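Asks: Read off the chains here:
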Amino acid sequence: MRRVAVTGLGVFASTGRDAESFFSNLVNARSAIRRITLFDPSALSVQIAAEVADYCPTDHFPLKRLDLLDRFAQFGLLAAEQAMKSSGIEVRDEERPRFGVVMGSGMGGVNTFDSGYFNLYAKQATRLHPFTIPKIMHNAPTSQICMEYGAQGPSLTTATACSSAGHAMGEAFHMIKYGMADVMLAGGTDAPITYGMMRGWESVRVLATGNGDPSRACRPFSADREGFVLGEGAGVLFLEEMEHARKRGAKIIAELAGFGMTSDASHITQPSIIGPARAMRLAMDEAGVTPQDVDYINAHGTGTQLNDLTETQVIKEVFKEDARRVAISSTKSMHGHAMGATGAIEMVATLMALDRGVIPPTANYTRPDPQCDLDYVPNQAREKKVRAALSNSFAFGGLNAVLLVRRME
Amino acid sequence: MNVADKVIEIITREQHLEPGTVSIDSTFAELGIDSLDGVNILFALEEEFKIDIPDAVAQNMKSVRQVVDSLTRVIEGKDIADLVAMAKGDAPAQAS
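Heads up: the protein sequence lines correspond to chains A and B, in order.
At position 300 of the first sequence (counting the first as 1) the number is 299 in numbering that gives the first Met the number 0, and the numbers step up by one without a gap.
At position 65 of the second sequence (counting the first as 1) the number is 64 in numbering that gives the first Met the number 0, and the numbers step up by one without a gap.
Hints are computed from structural coordinates only; laboratory data are not their basis.
On a predicted model such as this, the values are computed, not experimentally measured, just so you know.
Beta carbons: idealized from backbone N, C-alpha and C, even for Gly.
Calculated pairs, DSSO-like style, for lysine-lysine (alpha carbon to alpha carbon, straight line, at most 27 Å):
no.	chain 1	residue 1	chain 2	residue 2
1	A	84	A	250
2	B	49	B	5
3	A	122	B	5
4	B	49	A	122
5	B	5	B	61
6	A	383	A	250
7	A	63	B	5
8	B	61	B	49
9	A	250	A	176
10	A	84	A	246
11	A	63	B	61
12	A	319	A	383
13	A	319	A	384
14	A	63	B	49
15	A	384	A	250
The calculated label-pair distances, taken between Cβ atoms and stated as ranges, are:
no.	chain 1	residue 1	chain 2	residue 2	range
16	A	95	B	58	28 to 38 Å
17	B	28	A	268	50 to 60 Å
18	B	58	A	251	45 to 55 Å
19	A	250	B	28	39 to 49 Å
20	B	68	A	63	18 to 28 Å
21	A	199	B	74	40 to 50 Å
22	A	202	B	74	41 to 51 Å
23	B	28	A	64	14 to 24 Å
Using the sequences and the hints given, assemble the complete structure.
Replies: Structure, rendered in structure tokens:
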């Protein structure tokens, strides 16, 4: 059976624009949540988000290239560039048909949508810019990354809301495992912090308000949690068939060993217990591990009342007596909920925890919720050897993606 | 500024080219303008001159001179039936 190694990673997020600074900020419980600067948020009830602050596109791309890149595609390309570099690979021409890209995006090119529709509806423009369609399409980042690195193998885009990146990495993992490809770039990207998106989320009443103290607004698993905070960015992994990685002497960060994918088939926003629980079990079953082998869970941990309660119940259901032993944290407390990117950003955090033996904390934890009574690694990072870790993504729409990574001994 | 100068300015700007790169004799192929760049340039010209360039005419614009000639006729409201016919293949194509 073919196995899959993670040999490269890249992250471009609010909490850091490379893996080292990203992880350092997480370990030091530094939240990137601030008052919104991308537009004037004064009219909104929620005026905070986790932006990639002071990001200047022309620092990274030539003008001609930028014409065709929405913000979400830019982030995807930047994270992919890091993943390629850190893998140290030179993909040979004859390998390109077995080199693919799978990226997730929950929202697509909403910045382009927003400004185009503003012109169309508010300013009575009679036409949209001809680059609108190639910029907004969900697969733009996947295609742009394929073009950049000459990836000609199986490639696609997943759009499963908050699970998009989880599904992307899982699909890419299986493509290698089952022989469709030898190397893959996989992850997710989203840049959903627009006036329109904020209005949309505001009316669902799931956002933390916290305008007075933005950095402490997102408090997953804490009794006083108020909701999630929108984030943005991208995460990308370089995945490689194990022998392929060994032959070229690549540093193997971890083995991606399990992927559980399920559907709640119950409610368009409310999570179930059984769907996520089955996804966690499937990921462990595929990897051939049991809860005793898992030392860390990077939780979906949005910080809403319902998610964190349900996720706690899910972990108890799956882990039984090990539920109280396993370390659980939500790094969304710091980088916010980056929608279709979030699973990949969190996977980078998970892989670095595994690699460094340090578990990033759940920041802003103030007091225990009697119903959320597990070990959420509150506020302080913890040194701990992590043999295997799970990363949970449970999406609106009930589509769940859970990945299992483990250390190579 | 005449139509030719304005067209050259817009192509230079939209393609992010160095000033002086584009001349009346440049072809789109020489300037590296692909089909998507072409529709972008047409969009910018339509915005600038507040006109609609019919698809049939747009398809024939492969050089700066063709753009200027076609645009001048559209701006001046002249009959463009021959251009439309040419695009449809009803008339012998002119040397470009």
